[in-house]
Structures are given as C-alpha cells and as structure tokens.
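Residue numbers (the working numbering), protein chains in the order written: chain A, 394 to 715; chain B, 23 to 377; chain C, 18 to 351.
Be careful, since some hints might not be right.
Listed below are the simulated DSS-like cross-link pairs for lysine-lysine, each with C-alpha atoms no more than 27 Å apart in a straight line [said to hold, decoys possible]: (1) C:Lys341 to B:Lys193; (2) B:Lys175 to A:Lys697; (3) B:Lys252 to A:Lys460; (4) B:Lys218 to B:Lys131; (5) A:Lys460 to B:Lys218.
Please keep in mind that the hints were generated in silico from the structure rather than gathered at the bench.
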Amino acid sequence: MKKAAIFYILILLSCKGFAQTEKIINPSDLKQQTVITEPLSLNKGFTRVGLAYSYSALDKYFNTNGKKMYSPESSWGIVSGAQVMVQYGITDRLMAEVGVPFKFDVTNYHWRIYAPGLDYMEISDMSVRGGGLADLYLSGTFQVIPSSRHKFSLKASLDVTIPTGRKNPENVVSSYDYDAPTGYGVFVLSPRITARLVHYPYSWVVYVQYSYNFSGSRIIYPGDTEERDYRYGNNIYAGGGVNLHLNEWIALTNDLVYSYTGRGEIENVSDDNLTTSYTFSYQPRIVFQIRRFRLGEAVNIPLKGRLTGADPLYVLLVQYIF
Amino acid sequence: MRKKVHFLLLVMSVSFIVPAFGQTESKQGDKYTLLTMPYINRPLNTYRGQLQVNAGYRFAVRSRSFDADGKKIVLKDDGNSSVLHYYFTEVKYGLTSFMEIGGEFYYMKRGIRDETISYISTDNAYTVNNLKEYKGPGDLFLYTALRLPFEYKWFDFGISGGIFLPTAGYKPDQPSHSITAESVNAYTINYHFNNKNGFGVPVYMISAAAKFTFSRLAFEAGFSIRDPLKEGTNIRWDQELTMLNTFAYENKPYMYLPDRTMLANASIHYQPVGWFNIYLGGNYTTMQDGWTEYYGLKYRNPEMHLFSLEPGFEIQISPTLILYQVAGIPLAGRNADASINFFTSLRFNMFLFRK
Amino acid sequence: MKESGSVFYLLRHALILIFLISITACEKEEYDLLDRETAGVWSRFNTNSGLPANQILDIQRDASGNLWVAFAGNGVGMYQDGDWSFFNTSNSPIRSNSVTSLASTSDGGMIIGTTDGVSFRSSSGDWSYYTDPAVTTLSVNSINVLSDGTYWIGTENEGFYVDLGSGFFQVYEADYKNVNVIEEDNKGNVFLGTDNGLLKFDGSEFSLYTVSEGLPDNDITALFLDSKNRLWIGTNGGATVAYIDPTGRINNLSLMNGDLGTFVTDIFEDRRGHIWFATWYDGLIEYDGVVPHSYKIYNGFYENDINCIGEDKSGNMWFGLYSKGLLKYTLPIE
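All chains, please: the whole structure from these sequences, using the hints.
Shown next, in the form of structure tokens:
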C-alpha cells in the first residue's frame with residue numbers, strides 16, 4: 394500500500410495538464426493554444442480532491458534469485474485499495490496534502506488433506522483478510538525552483554505516514570486464517586526531490602525518495618501473543634520518465650522506477666523474513682483532463698525484482714479541482 | 023455447416039443488389055478529414071490507402087466461472103483463480119475503398135491452478151500443487167474484408183473471410199515439475215505444465231457485419247464463424263517420480279478437433295463530439311462440436327456459451343492516434359469463464375501514399 | 018469507370034475464395050463421441066442388479082473383448098455387449114461353482130480355475146476339464162497362459178502344474194507348495210509367487226527372491242508386469258510393495274496407507290499407466306507415478322476389501338469387491 398501511495402502521489406505530481414482555469418475542450422482548438430504546464434504545486438487557494446483505486450493480483454512473485462515464479466498453491470489473493478486525497482495550495486509555491494487510504498486485501502487458501510492410514514480427510518478453506526483504514530499520510534511540497542517561471546523546476550517534499558491502520562493481526566484462527574494488519578504500525582518519514590524539464594510536447598522528470606521507518610512494536614506473526622520490537626528496512630525509491638503530450642488535454646507518461654528496501658530487524662536482530670528486496674518497474678500512465686476533472690489510468694509493471702510481487706498494479710484515478 | 027455458409031453468401035449477394043438509398047459511389051476526402059472521421063460516420067473498413075496498426079492489451083481476472091448448468095462458481099474459494107494477460111497486434115490496409123486486407127497476431131499467458139492436496143502417512147508426507155501455464159503466441163490470422171462500394175452515409179454492410187495459420191507452437195513443452203524436501207520424508211511437489219496457445223490446425227473464419235447511423239447514434243451488428251479445417255494431433259505429458267526423487271517424463275500423442283466458434287455481437291454507439299465515442303455492446307459466443315481423445319476414446323468437448331456486456335469508448339487523441347478501451351462483463355454462460363476483462367488498444371492510422 | 022471495373026474483378030475473386038473455403042471446411046471425419054459426464058464415473062453391480070453373488074474373486078477379458086467374472090460359490094459370468102451370461106454347475110459342465118481364478122487363451126477361450134480342478138471353455142462354447150487323479154483336491158489359486166502358449170497353474174498345497182502342449186505335469190516342492198500367483202516378464206522368465214518367496218524360472222533353473230533380497234515380505238500374493246517391464250510384487254503383510262525394474266533391481270514403494278503391513282490381492286495397470294493395487298483392509302490404491310491415492314470408505318468408497326482388478330476392451334477398470342459386488346470405473350479426463 395505504501396508503494397501504491399507513492400505511486401498515487403507521483404501520478405498527481407508528474408502528469409501534465411492545464412492551469413486551473415476552465416477551458417473548452419476541443420482538440421483542434423487546443424492545438425492552436427500555447428501550452429500551459431501545470432505548476433508542481435497548486436496555486437494559492439486552490440484545492441484539489443482525488444480518489445484513486447488500485448488493484449493487483451497475487452499471481453506471481455520474484456523469488457530470492459530474482460526469477461519470476463507462479464505462486465504454486467491453490468491460493469488466490471488480491472491487493473486492492475482506495476485512497477482519498479486532498480491538496481491545498483497554501484502559497485503559489487507551498488502545498489499541503491493529506492491522504493486517507495483504505496485497504497481491501499484478501500487471500501483465500503484452499504487445500505485438501507488425506508491421511509488414509511487414519512481414515513482422515515479434511516477440506517480447508519481459509520482466508521487472510523486485510524481490510525480497513527490504512528496509514529494516513531501528510532505531505533508538504535515546496536517549489537525550490539518554481540515551474541511557473543522556468544522550464545526546469547525543482548520541488549522538495551516531505552511525507553509523514555501516521556500509523557492509523559491496524560498494526561496487529563486480529564481474529565487469529567490459524568496462520569492462514571486471520572485479519573491481517575492494514576498499517577505499518579510506525580511513523581515513516583519520506584523526504585523527496587523531484588526535478589522536471591519541459592520542452593513541449595515532451596517533458597522529463599526524475600525523482601528520488603528515501604523513506605525512514607521508525608521503530609515500533611507489534612505482533613509479528615499471527616501465532617504470537619505478545620508484541621515484539623521491530624523496524625522495517627528503509628526504502629529508496631528513484632525513477633525517471635519521459636512524458637508525451639498527445640494533445641493539450643491528454644498526456645502519456647512513461648516512467649522507469651527502482652525501489653529498494655533494506656533489511657529489517659526484529660528485536661534488534663536482522664530477520665530473514667524482513668530481508669532486502671528490490672523492484673525495477675515500468676509505469677505507463679494516461680491522464681485525461683476534462684474541464685476541472687482529471688481522469689488517470691496507470692499500471693505499474695514489475696520488470697525485475699527480488700522477493701516482491703511480480704503482478705502489475707492497476708490504478709484508476711479521478712480528481713477535481715476547485 | 024455448408025448451409026450456413028451458403029446462406030451467408032446469399033445474404034451478401036442480396037445486399038449488394040439492394041440499393042443503399044442516398045449513398046453514392048465512394049469518394050475520398052482529404053487525408054485529415056478521413057483520419058479524424060467520427061466513428062459514426064466511418065465505414066466498416068479502412069479507407070483506400072489507409073494503414074491502421076492496432077496494439078492492445080487485455081487483462082482478465084478469472085475468479086468465477088459458469089458450470090454446465092449455467093450456475094456461477096466462485097473459483098477463488100477453491101484457490102483456482104487466475105489472471106490472463108493478452109497482447110494483441112493487428113495491421114490493416116485498405117486496398118480499395120471497399121476492400122481491405124489485414125493480419126492479427128496475439129501473445130497470451132495465464133497460469134491456472136488446481137487444488138492443493140496433502141497426502142500424509144506415518145512414513146512420509148507429500149503436498150502436491152498443480153499449475154497449468156498457457157504461454158505463447160497464438161496463430162497468425164490473415165483476412166480480407168469487403169464492404170459496400172459506396173460512400174458511407176448511414177448504412178454499411180461487410181463480409182470478411184480469413185484463416186488462422188498454424189504458425190504458433192501448440193504442442194506443450196516438457197513439464198517443469200519440482201520436488202522440495204521440507205523436512206525428513208516430507209516433500210512439496212509442484213507440478214508445472216507448459217502449454218501453448220496455437221490451434222495446431224488451420225482454422226478459417228468468415229464474418230458479416232452491418233452498420234446503421236442515425237443522428238449521433240450508430241448501431242452495429244455482426245456475426246462470425248470460426249471452424250477448423252481438419253483434425254490435429256497433439257501430445258500429452260506424463261510424469262513419474264524416480265527413486266532418486268527426480269522427475270522422468272514421457273509423452274503420448276492424441277487426436278483432437280478444435281471447437282467451432284460462433285460469435286454474434288451488437289452495439290450502440292453515441293458520438294457526443296467528433297473525437298469521443300462511447301458505446302455499449304453485447305457479445306454472445308458459443309463453442310461446440312470439438313472433441314479430444316483420451317486413452318483411445320474420443321470425448322466431446324463441453325459446449326460453451328457466454329454472453330457478455332461490453333461498455334467502451336473511443337477517443338481520437340490526435341489525427342493519427344485513437345485510444346480505445348472496453349470492459350467485458352460476463353452476464354450468463356455455460357462451461358465458460360466468467361472473467362471480467364479490460365481491453366485497451368491504441369490505433370495508429372496513416373495514409374501511406376496520399377499527400 | 019476504371020474503379021468500377023476493378024471493383025467487380027476483386028469482388029468476383031473474393032467471392033470465389035470464400036466459396037472455396039466453405040467447401041473445404043466440411044472435410045472432417047465423423048466419430049462416435051462420448052460425453053465428458055461419462056468419464057470418471059463409478060458404477061456398481063451386485064445381486065440387486067442381477068449378479069449371482071456380491072463376492073468377486075477374479076476378472077479377466079478374453080481375446081474377443083468379453084469380460085469374465087468369477088463369483089464366489091456361483092460360477093462365472095460373461096459380460097458381452099452389455100448383457101450377462103452366467104455359467105454354473107446347473108447350466109454348464111463347469112467343474113465347480115467355486116471359481117477362484119480365470120485366464121484367457123489367444124484363440125478366445127477361457128481357462129477357469131476352481132477348488133476342484135480346471136475347466137476349459139473354447140470360443141465356440143465347448144467345455145472340457147482337467148483334474149489330477151493323483152491328488153485329493155486340485156484347488157487352483159492362479160492360472161497364467163504364457164507368451165509361448167503354455168499353461169501354468171498355481172495351486173493350494175499341490176505346487177504348480179505346467180502344460181507344454183502335451184498335457185499337464187506337476188512340479189511340487191514342499192516349501193513352495195502354495196503357488197498364489199504366476200506372471201511372465203518380457204524376457205520369458207516365469208515368476209511364481211509362493212508363501213515362502215518369489216520363485217523365478219528362466220527356462221532352465223529356479224532362483225529365489227525373499228526379504229533377504231529386498232522383498233517386503235515372503236508371502237507373495239500378487240504379481241503384475243507393467244508396460245515399462247517392471248514386475249510389481251504385492252505381498253501379505255509387507256510394509257511396502259516392490260517392483261523389479263528391467264535392470265533386475267528390487268525397488269520398494271510405500272503405498273502411504275499408514276499400516277505396518279498391507280495385504281495386496283491384485284495389481285493392474287490402466288491405459289494411463291497408473292498402477293492399481295487391490296488390498297484387504299486398505300481399500301483400493303492408485304499410483305499415478307508420483308503419489309499413491311487411496312479409495313476407502315472414509316473418503317466415500319464402497320468397501321475397504323478389494324479382491325481383484327480387470328479392464329474391459331474400452332479401457333474401463335473393473336474391481337471385484339469382497340462383499341459389495343462389482344465396480345466399473347470409467348477413466349477420468351482432465
């Protein structure tokens with residue numbers, strides 16, 4: 394979900410569209426107009442609200458050797474979520490944002506057991522459910538080099554993730570039947586730098602983010618009864634892309650993204666279950682601006698990785714600016 | 023079968039004879055006008071000299087299916103759900119204003135799981151997982167399409183005929199099973215069958231379509247039949263666990279006949295502005311009359327029926343580029359996957375020789 | 018006008034192409050097809066369906082494709098094209114109603130072993146019999162017709178008998194007087210399963226396999242040569258089953274039935290290459306080459322005691338139960 398949250402933010406901030414004025418949408422008319430690129434943060438007093446929905450299946454994963462494998466058991470999982478975000482332009486260069494995410498994850502397990510020597514047979518259907526409020530985030534963005542005056546612009550952001558989601562497994566029946574945590578359980582601090590160069594009809598963007606996870610305590614495994622101290626590995630998320638303005642109201646973006654998560658610790662000891670992982674992904678997006686509405690479709694396609702999911706993540710986004 | 027083909031030929035012949043009122047010999051406008059022609063005013067085929075390249079992707083989640091009685095089964099409860107990735111390319115060229123040629127090609131991959139079963143005894147224990155993967159290109163489809171030799175005003179009718187050439191691999195590769203020792207005398211066996219997507223035999227397809235335009239609306243209906251030209255021979259793999267805990271494989275041939283497929287579709291399109299078209303369609307597919315040999319006996323393939331609703335839209339992004347998206351929502355069926363699917367394609371159009 | 022002329026030219030050729038395709042499309046053979054619902058189906062026949070007994074002792078298919086079934090104390094039945102014909106002492110010259118074993122000959126005849134000698138029925142319905150006047154009772158345990166046409170008969174307490182074409186002669190050895198089962202391998206060696214080990218006759222001399230050589234038990238109750246030329250060996254009380262592979266090595270396979278010992282009554286291979294084991298107390302066990310699958314009362318099967326296994330000409334499996342009749346199983350498909 395954290396990855397999805399980052400993903401949503403990047404959709405919002407890297408796509409190109411109009412300045413926040415009403416326009417008549419007509420491709421042939423728009424072609425006559427001078428391109429006005431959207432600033433990297435909202436103008437003062439503007440408010441944008443958005444809703445994003447993400448979906449991914451748990452069909453394949455990258456194993457420890459980086460090979461793409463199918464999940465072999467008869468299990469079926471989906472990772473899905475929705476996020477409401479609100480952005481507000483405090484000044485022309487400073488913007489605040491809050492995001493409220495919800496998770497709707499579920500993994501179903503099914504198997505049959507035969508023990509003919511004991512005349513015993515069992516059919517098991519279990520599920521791990523991760524539904525509910527996830528971790529809230531607050532974000533502040535400042536345009537270091539404002540985009541309204543320069544073709545090259547730079548912004549710095551700081552995200553704070555607040556552990557509002559459920560951190561411990563609940564309703565534990567077995568290791569395959571419980572309500573999974575919906576949140577990280579700790580505060581996360583994520584500073585980010587984004588640079589953009591516009592040269593119509595193209596623009597280039599690069600960004601890098603570092604997420605620092607604070608320590609906390611939680612029930613690590615469903616069978617545990619007591620909380621244990623832990624710290625997830627920190628994450629580096631870097632990428633860049635080339636964006637193409639198909640016309641004044643549709644943009645097609647293409648990003649290549651690298652994400653690396655370091656080793657985590659449980660009770661100050663490196664744990665094999667929190668080992669390092671990485672993903673190298675391709676993220677195409679298409680964004681439509683219809684009047685004050687913005688509609689976006691994006692997909693995150695993992696190309697390479699280790700100990701991460703290998704299924705595409707699909708995102709639908711709708712925003713409105715007041 | 024012969025009767026159906028001849029009926030189609032008869033309908034086609036009649037449609038050429040009946041004058042389409044208000045429509046004249048085809049004229050071609052300038053390139054820009056033709057490329058940006060709204061959907062409701064476009065003929066069924068490409069224009070003379072027009073090259074169209076489509077590239078698309080379909081994603082489908084197979085979490086439900088219809089059984090033989092039409093009842094919906096939730097596959098995820100048995101852990102049998104799967105996803106399908108389908109990549110599609112099509113190239114069309116308008117030879118004349120009423121005749122086009124084209125070719126289609128696709129690549130598809132999916133992995134279908136079976137129930138996990140554990141066998142436990144006092145001496146040992148095995149957990150068996152079963153995955154059937156279907157991966158690879160489909161057969162190349164080449165076709166010719168004809169339409170009425172009139173400029174499209176409000177009515178069009180077209181027929182097409184083509185053939186799927188057995189260019190793609192269809193015989194499954196040797197399985198890639200594995201066995202892992204979880205502890206002393208406890209093993210996990212992962213069956214992984216590597217299947218392909220080709221028909222293995224030539225398959226012909228003929229279709230007919232009609233289109234009507236009225237104000238900002240267009241109605242389109244079509245019908246097609248796809249039928250194999252002959253039976254084929256494929257192989258089936260068997261596996262055995264050796265005393266060294268490795269897998270030994272053996273394949274045995276079997277005969278089969280792919281199903282005959284019939285598709286019928288109808289759609290209504292609304293064009294609010296010239297560059298945006300939204301539509302709602304219905305699609306009915308049935309597959310039958312195929313068979314597969316098992317151990318010397320020929321078994322009829324289950325008859326498949328599926329009715330889906332397909333809302334979609336088309337956006338003219340630029341004179342040469344059109345974005346097309348449609349969702350497939352299965353409503354009823356028998357012996358069919360009830361997969362919700364999403365198809366996105368980009369259509370690139372150009373005139374090769376027109377200035 | 019130029020375009021109109023080319024219009025009709027192209028139209029004509031396109032029509033011809035479509036017409037040709039339509040004609041060639043119909044050139045496929047017609048077959049009798051089975052419905053998939055008929056695959057993987059168990060059907061049971063018992064006295065309620067007209068069988069003379071519910072205890073089945075042997076099942077064999079003759080050269081004409083008819084299925085022969087031995088009914089305990091009630092003679093034999095022949096299943097031909099969906100109809101039964103029953104042969105017992107009241108309607109045929111069969112030696113005894115206590116039929117214990119069956120074997121088919123290459124000319125369509127059947128050899129019927131009983132507790133009182135052997136009956137022969139030719140394909141034309143002629144009967145004859147053999148019993149040894151030198152013994153009190155010739156109780157037949159097993160019969161095998163070898164590839165060279167010779168008849169081998171295993172008995173209870175009287176060793177075994179061989180007919181090389183000029184009449185039966187007895188081979189008796191006290192330690193091996195109970196010959197339970199006889200099988201031939203692909204090299205012409207004859208294997209005889211006895212209470213005290215497995216005898217092998219290579220045409221000139223006998224050799225012996227026992228637990229010392231790796232067998233699971235010395236009481237050999239079932240033998241079967243599969244399509245991979247492995248001789249499967251079932252015993253009374255062995256913890257595993259064994260097979261002698263083409264190199265002559267003895268391998269053991271656990272049937273995962275949890276018992277310390279299994280009584281294997283029969284072994285058979287189906288068209289898929291799966292090996293079936295009929296047992297007493299442990300039901301039916303199907304080995305698919307990787308894992309054994311059990312069919313017992315606990316998972317919905319009919320009985321835990323299975324006497325024999327056979328196969329009809331269509332590849333359907335037939336199982337003779339201890340007390341619940343005769344089962345037919347159509348092989349499942351994917």
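Each hint tested on the structure:
1. C:Lys341 to B:Lys193: Measuring from Cα to Cα gives roughly 44 Å; hence the hint is violated.
2. B:Lys175 to A:Lys697: Roughly 51 Å separates the two Cα atoms, so the pair is violated.
3. B:Lys252 to A:Lys460: 40 Å, violated
4. B:Lys218 to B:Lys131: 9 Å, holds
5. A:Lys460 to B:Lys218: Holds - the C-alpha atoms of Lys218 of chain B and Lys460 of chain A are around 21 Å apart, at most 27 Å.
Hint compliance for this structure: hints 1, 2, 3 are not met, and every other hint is.
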